[in-house]
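Participant: Chain by chain, the residues:
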Amino acid sequence: MLSFVATIGAATLVFLAATGRLAIFTGAAVASAARPPRYGRAILRQMLDIGYFSLPVVGLTAIFTGMVLALQSYTGFSRFSAEGAVATVVVLSMTRELGPVIAGLMVAGRVGAAMAAEIGTMRVTDQIDALETLSTDPLRYLVLPRLVAGVVTLPFLVLVADIIGVFGGFLVGTYKLGFNPYTYLRGTSEHLETIDVVSGLIKAAVFGFIVALMGCYHGYHSRGGAQGVGQATTHAVVSASILILVIDYLLTAAFFSR
Amino acid sequence: MTATTNGAPLPKISVCRLVKSFGAKCVLDGLDLDCAEGESLVVIGGSGTGKSVLLKCILGLLRPDAGSIRIDGEETVDLGRAAHERLMLKFGMLFQGGALFDSLCVWENVAFGLIQARGMERQAAKEIALSKLAAVGLGEEVAEFYPAALSGGMQKRVALARAIAAEPQILFFDEPTTGLDPIMAGIINELIGKCVRDLGATAISITHDLASAKRIADRIAMLYQGRIVWHGPPADLDHSGNPVVDQFVNGRPEGPIRMEVRAL
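Protein chains in written order, with our numbering: chain A, 1 to 258; chain B, 1 to 264.
Hints in this document: simulated from the structure, not taken from any laboratory. Possibly wrong hints are sitting among the right ones.
Below, computed lysine to aspartate or glutamate pairings styled on DMTMM-like, alpha-carbon distance capped at 20 Å [claimed, not checked]: (1) B/90 to A/132; (2) B/25 to B/65; (3) B/25 to B/39; (4) B/126 to B/144; (5) B/90 to A/129; (6) B/90 to B/65.
A short, non-exhaustive set of chain B residues, derived as facing chain A with CB atoms under 7 Å [claimed, not checked]: (7) 88; (8) 97; (9) 99.
Predicted, not measured: the structure shown is a model, and the values here were computed from it. Every residue, glycine too, gets a C-beta built ideally from N, C-alpha and C.
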């Protein structure tokens, strides 16, 4: 019994310590923006990596998500003769939820993992120590550009994912389910409000921050050679994915519970 | 040369009662070490005796548990971020594995400190980088390569060029010849000696390569059980009268040094 309680206590302490370390890391990284120099080139390169090079992956997942969404909601709604709502369901689901979440998860797998592996390798090969000896703050040089790029780029990526997803739904709706294209598009635009899109883009910015933060944090603290870098990569993707889903719920509750 | 009030020259680097532990293992146990300006000091000692930890503490990459480190008489333990960056402008460090930035090409590596920390124009910094590369015997054709395309000896030379690029007052060398063939090790030793002389820099090298130590040192110090147990000129190394140094120099398995051989 006592050992059981001790286990809970130890786990709680580990959790609190990790949360504290993460908070200090985040604070220090964000605070490093206060002092020059600022690495504009590095930010642009990261934005290209997060945004442009993620387009194929995010586009593919978005189009199939939109397609399956149309198909599923059609079979569901036809049971109580509400097929007309398919277009609205597709556009609301994509913009509010699936666009940001799918793009966030794909970027976590693609970019978050790469960040953890790159920074982790720099850590275990002394490159981060070398940065310090060259009077360069590794947080400002490595972490901050990735955080900024994540926050700025992911909303654009999600906007593209939204459009492609809705287009996927449109394709299935008109070619497979026999909707009139005009009716489908009217269903798409009629009930769509600004907040639906904007809330999704705000989520995207938050998810971009989380993905970059997890990639950098786990890479920065990796230990022990190739194995440590592998672990850091796994931790970065898993923690970013879980945080995205948890924070997605919290943000949705904050936006739409009235 | 700066001097204290009583006229004795102030050591460039002064380490006093330095303690650093990792968990239960005490690596540095009240270590004292002074290094005069312009001196080339070599710290020898077995693997895992804390030589790298000593350098990392002086560089502020590790925070010591206790003790004081003074550079030019100024306390450097627990400096703030900005003050630490300023302090690092005095230093050049050659890491054991080179620690070249593999996302940057060779000349960008060498010019990194000039561009990022000193705000130099890229073109001017490239000129300096090329001259430093020439100083370590590498031609312009190497400048655009990425570090992964270079051999171990060339990486070491590029790393050396990076360490000396900003002409620092203090140079640290961590195992400069480890993993190199004897001839390349000899070349690196000569380069280190030449760079230190040309810059008039204060240098601390750590190594367990005695041939290398004798060639680059003005003074040799032996690190054992977290303290400096002996120091003296290289000529005295072979007849130090210290049983620990004697065993290390002659590579005898029997003696005061007990190798920590543990099951992994």
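Participant: Looking back at the hints listed earlier, which ones does the structure fail to meet?
Facilitator: 3 and 6
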